[in-house]
Structures are given as structure tokens and as C-alpha cells.
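Those protein sequences? They're chains B and G, same order as listed. Here the first sequence stands for residues 1 to 281, numbered as in this note's numbering. Here the second sequence stands for residues 1 to 327, numbered as in this note's numbering.
It should be emphasised that the hints constitute simulated quantities derived from the structure, not laboratory data. Even for Gly, the Cβ is constructed at its ideal location relative to N, Cα and C. One or more of the hints may lead you astray.
To be verified - Coverage of chain B stretches by chain G, computed from C-beta distances (three or more under 8 Å per stretch; other residues unrestricted):
id, region
1, 156-167
2, 239-250
To be verified - Away from chain G, derived, C-beta distances all over 10 Å, residues of chain B:
id, residue
3, H41
4, V50
5, L76
6, A182
7, M195
8, E257
9, G267
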Amino acid sequence: MQTSFMCTRRALLRASALGVTLAAIGIQPAQAQQTMESSDHIWQDLKGVVFGDRTIREADGVVAIEAPGRAQDAALVPVNITVDPARTPQGITALTLIIDVNPSPVAATFKIGKDAGITHIATRLRVNDYSYLRVIAETPDGGLHMAKTFVKASGGCSAPAVKNMDEALKTMGQMKLRQFAASPANGGEPELQLMIRHPNNSGLQRDPLTQYFIPAHFIQTLDISQGGRQLLSMEGGISISEDPNFRFDYKVKGTGEIKAQATDTKGKVFNGAWPLEATGM
Amino acid sequence: MKRPALPIDPARRRLIGGLAWLGAQAALMPLPFGAAALAAAQPPLALKTVAEGVLAFEGVVELETPRNEGAVANLGVVVGDDAVAVIDSGGSVVQAKALIAAIAKATAKPVRYLVNTHMHPDHIFGNAAFRDIGATIVGHRNLPRALAARGPYYLQSYREQLGPALMTGVEIVPPSVLVEDTMQLDLGGRKLELKAWPAAHTDNDLTVHDPESGTLFAGDLVFVKHLPIVDGSLLGWMRQMDQLAAIPASRVLPGHGPVPSLWPEALAGERRYFEALAADLRKAIAAGTPMAEAAKTAGQSEAGNWELFDAYNGRNATTAYAELEWE
Ligand SMILES: [Zn+2]
Chain B
1 MQTSFMCTRR ALLRASALGV TLAAIGIQPA QAQQTMESSD HIWQDLKGVV FGDRTIREAD
61 GVVAIEAPGR AQDAALVPVN ITVDPARTPQ GITALTLIID VNPSPVAATF KIGKDAGITH
121 IATRLRVNDY SYLRVIAETP DGGLHMAKTF VKASGGCSAP AVKNMDEALK TMGQMKLRQF
181 AASPANGGEP ELQLMIRHPN NSGLQRDPLT QYFIPAHFIQ TLDISQGGRQ LLSMEGGISI
241 SEDPNFRFDY KVKGTGEIKA QATDTKGKVF NGAWPLEATG M
Chain G
1 MKRPALPIDP ARRRLIGGLA WLGAQAALMP LPFGAAALAA AQPPLALKTV AEGVLAFEGV
61 VELETPRNEG AVANLGVVVG DDAVAVIDSG GSVVQAKALI AAIAKATAKP VRYLVNTHMH
121 PDHIFGNAAF RDIGATIVGH RNLPRALAAR GPYYLQSYRE QLGPALMTGV EIVPPSVLVE
181 DTMQLDLGGR KLELKAWPAA HTDNDLTVHD PESGTLFAGD LVFVKHLPIV DGSLLGWMRQ
241 MDQLAAIPAS RVLPGHGPVP SLWPEALAGE RRYFEALAAD LRKAIAAGTP MAEAAKTAGQ
301 SEAGNWELFD AYNGRNATTA YAELEWE
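Throw the hints in and build the complete structure from the sequences for me.
Structure below.
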């Protein structure tokens, strides 16, 4: 059972952008620090692997991405994606988040529920070097729109690794949901913040004793719904920081509870359910 | 506010194979070196006598740069009747070899142990030099795992930061003897007490106490003057402050800061900083302020009290925000 599961998973990963590694597609990032030019150069190769020959429009105002110009902690780089509803009357169906220079550059793909009303998603990323962070938004007609921002995230003893592994393993699977009332500060719609305890291990390190690679262990899928309708689903990889954390706005419908289900690469399933708070309505 | 870094007197620098070596600082009391010692292949590191049989190198309170050669961490040496233990190997093999040369001038006894206080490069990049002279490397039970996760990243990012010349010979050498909880190292007539701590500065912090002289080698569990860096658990660090303070020593070698410092008074600064930082972050989290925004303001009331505040406070706030969000 375990073996067939693993095979299925590998096949799935191979079939999706999340399985793309720079090494597998023959890209060897420079030993020296990356620049805007070298990051763009990697993207030129990566683009075709992830999106084929589809046209991607850049900086046309449909989507925007912000992150600190210099990352404080390479393991925890906050990123905020915003969509401009005025420019996308049909809404957005998917957002793909890419970190050019990371070993596993496709950090996550978000699928957005049809009437979820999501116009921003904030999360945290591991960034291995100086790199562009990119977001590619997909509209219902299949159009692709990109925004990018350059982050300097290298140097010093801040490494994109798990900080407190004992604690991470002990608390794995815990979930927490915060509900923020609608306010002018968050664009006039209520927000949810879903947090999952998980080391989101890279699998790129060797066991010091056996010298075998420690298998990657990370949150692979996440589905969030309210009142039985899907708000947001994510396919994620190792470039999402430990304790994956997603904050987004949405449109409340009815009074149904908020549910979340996450699965990790070991096949563990984590579930959470929370009543809709008055403040969220 | 950022005070200027400690001055480096160019007259005190000596050239080694094209690299400038940072010599003794005015505040240090260098051991007396004979002419023969000065002519040795590897000019010795300037060590300060802290107590009978206890020597130390005092790192500069600066970021690691090619100019200071990454020699920013404090390093300790304890001499017993039979053997020597070294606490931390320094930020390069160049520095480690200079430390080994200085120990050879001070005593003929062999270096039996190298103790790593934690995973950070300024404390472990000299490990290969100690392995090569036959020292047994001792560390926290979590240190091999932490180095496996970070080693390749450290080697690459420090090549960028320190330059390839200083990175020559640097390897990630994990400890072969692991401390589960506590351990004694017998140097002959002198027993060092090692303790492995739960996550605080990192998840692999180890302290060394020499009851004979009343000296605590705290590694980066204690920062004085230099802003503390949180790369493990702020809450864990705050929780174990009292237990740390209870170690019956009279002086401490902080990981960074004046050598020696008074114990346990040396803890006062970081304790105050952690409380201020945690209080600001808890307020921001309760108000729903996003991480990037909170990191700009949390802890700022402490800016005037520390060197390297601007270099590390935003990072600490970011790291601790993610931890405190789960309270
Ligand atoms: Zn450290």
C-alpha cells in the first residue's frame, strides 16, 4: 500500500508544476550571489516547463506582489499578493507563486473558489538567495498575468531551515484559524488566517549518520471552505515556510462553518472546523 | 541607533599569506610570546587570561566581514592537568589555526576536546582544524541534524560574505560525541560540566561550566552589548532565563560581548530586550498587524541599548512573530 501510494504521489508531482526542481530541468544556479539578470535568466528556462508556450503578460496591473526588499529571515519571507478586481471583472481562477532561484521554485499554486471574493493572499516563503518572487494569475479565459518583486535573502546565519525541530515534530498538524472583521484596512471585506503546524521539511538534506537524503515532508494540499463552498485550495511545496500560514480576504455567504483540510507527503490528513464568528460576518 | 564598530588599529595587523590577521586589541592582555613564537608559521591568536588555566579570545562586536575575517565570536580555552578543551573553533580555519598556535605557546598539553556551543558559522567554521589535530568534537544532540539542514547553505552564503580565501579549508564537521542532557569532560584535576539546553538561541545550544574557576562559557545563550539573535525560540529562551542564571559561576564568556562579563548580571540586558520585543509583538498580533509591518516597529525602544541593533532586530521580530502567533 505504502509503495503504491508513494508511486502515485511521485507521478502526481511529476505531472504538476510543484514537482519541478531546478536540478531536474538542468538549471544550475550560479555559485555566486544571484542578480536580477540571473534570476530572470532562470525564469526564461523555467517558464516553459511550468506554463508551456502560453503568453504571460507582465505588469499589466491585474496582479501585484509585495515582499520586503531585503528579507529579515530567509526562512520567513512575508509575501502579499493582491488582485485588482477592476481589471479582472471575471475574477481570478488561480495564482502560481514562484521563487526563481530556489531548488524547488514553484512554491505554491492557489485555486480560487468561483464566488470566494478573494482579492489578496498573504503567506511566508523560504528564499534561498537573491531572487525574484513572481506571481502568475490566471483568468477564467486562460489569460496569464505576472507581477514580480526582487528580494535579497542571502547571507549571515539566517538559513531557510526549520528553527526548532523538536517542537515542530511535537506539534505537527495543529491548526489555528483567526477571523478578522471587515475594515477599511483590509479592503472592506473580512479576512481569514489559517495556520498549520508542520516542519515543511525540504528533503534536500542528508541524514548525518546514514548519509541518505531525509525524505521531503511537507504540506502538499490544503482546502478551505465556508458554508460548504470552496474558498481556496492550495498545492504547495517546500518553499512555503514551516508552519504554513495563509491570510486572505473573502466574501461571507450564509452562516456556515469554516472548514480546512490539509494533507502532507506522508499521507497524513489534518482537519479543522470553526464556527463563523460574528466579527467575520 | 548604531554605535560605530570597535576600531581596528592597522598597526596591529600582520599579514599572513596575503590575508590581514587581526591582532590583539588594546583591551586584551596578550600572553607573553617569545621570539620563536613570533617566527612560527601560524602567528598565534591573541588570548586573554581570564582565570588560572582559562584563556579566551574576544571577538569584535561586528558583522562578519573580510576585514575582521569572521573573527566575531568569543572563544574559550581550559587547561587541565592532562589535557586542554577548546570552546568553539572560530569563524574560519585561518582563525582556528591561529588559536591552536596560541594554545601551543601557552601549554604543551594536547587539545583533547573541541566543544561546539551551537551551529552558527562564527563558532564552528574552524572545526576541521581541530579534527586534524586529533581533538574529539563534542556538541548538542541536535547539532548534527541542524548542520545537515544548514551546512550547504552556510558554505555558499559565507563564501559570498567572507570571500573564497577565508573559506579555504572550511568544512562542516559535525560533533562525534553528543550531549543528550549533561556530560562531564575530565581534563585531569579539572572537570567541565556540559549542559544541552532546550531551544533558545538555536535548537542546539550547549553551555560549558568550569566550577574550578567559576567560569561559564555560555555560547550565544548570552549576548552582551551585541544585540541577541533569535534563531531558535524566543519563548524557550525567556523560559530558561532563571535556570541559566542559577548556574553557580562568577563570570561568563558570552558568545558575543566583553570577556569576561559578570555572572549572572550579564543576563540583565537580553532579558529586558526579550520582554520588550515580546510585549510589542503580542500587541501587534492581537491587533492583526501583519508580520512585515510589525517587524518594523517591535523592539524599537531598545535601539539605543545595543550594537548591531539595526542588523538583527528586524530579523528577531520576524522570527519571534511567527512563534508568538501560536500562543
Ligand atoms: Zn550564534
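Each hint tested on the structure:
1. For the region 156-167 of chain B, the stated coverage by chain G is satisfied: 12 residues place a CB nearer than 8 Å to a CB of that chain, which reaches the threshold of 3.
2. With 4 residues carrying a beta carbon less than 8 Å from a beta carbon of chain G, the region 239-250 of chain B meets the three-residue requirement, and the given coverage holds.
3. Look at H41 (chain B): its CB is around 18 Å from the nearest CB on chain G, clear of 10 Å, so calling it non-interface holds up.
4. Even its closest Cβ contact with chain G, about 24 Å, leaves V50 (chain B) beyond 10 Å, as expected for a residue assigned away from the interface.
5. Look at L76 (chain B): its CB is around 5 Å from the nearest CB on chain G, not clear of 10 Å, so calling it non-interface is violated.
6. Once the 10 Å rule is applied to beta carbons, A182 (chain B) is consistent with being away from chain G; the minimum gap is 12 Å.
7. With a closest Cβ-Cβ approach of about 7 Å to chain G, M195 (chain B) is found to fall inside the 10 Å limit, against its non-interface label.
8. At roughly 21 Å from the closest C-beta of chain G, the C-beta of E257 (chain B) stays outside 10 Å, upholding its exclusion from the interface.
9. The beta carbon of G267 (chain B) is kept farther than 10 Å from every beta carbon of chain G, the shortest such distance being approximately 23 Å.
The structure fails to meet hints 5 and 7 from the earlier list, while all remaining hints are met.
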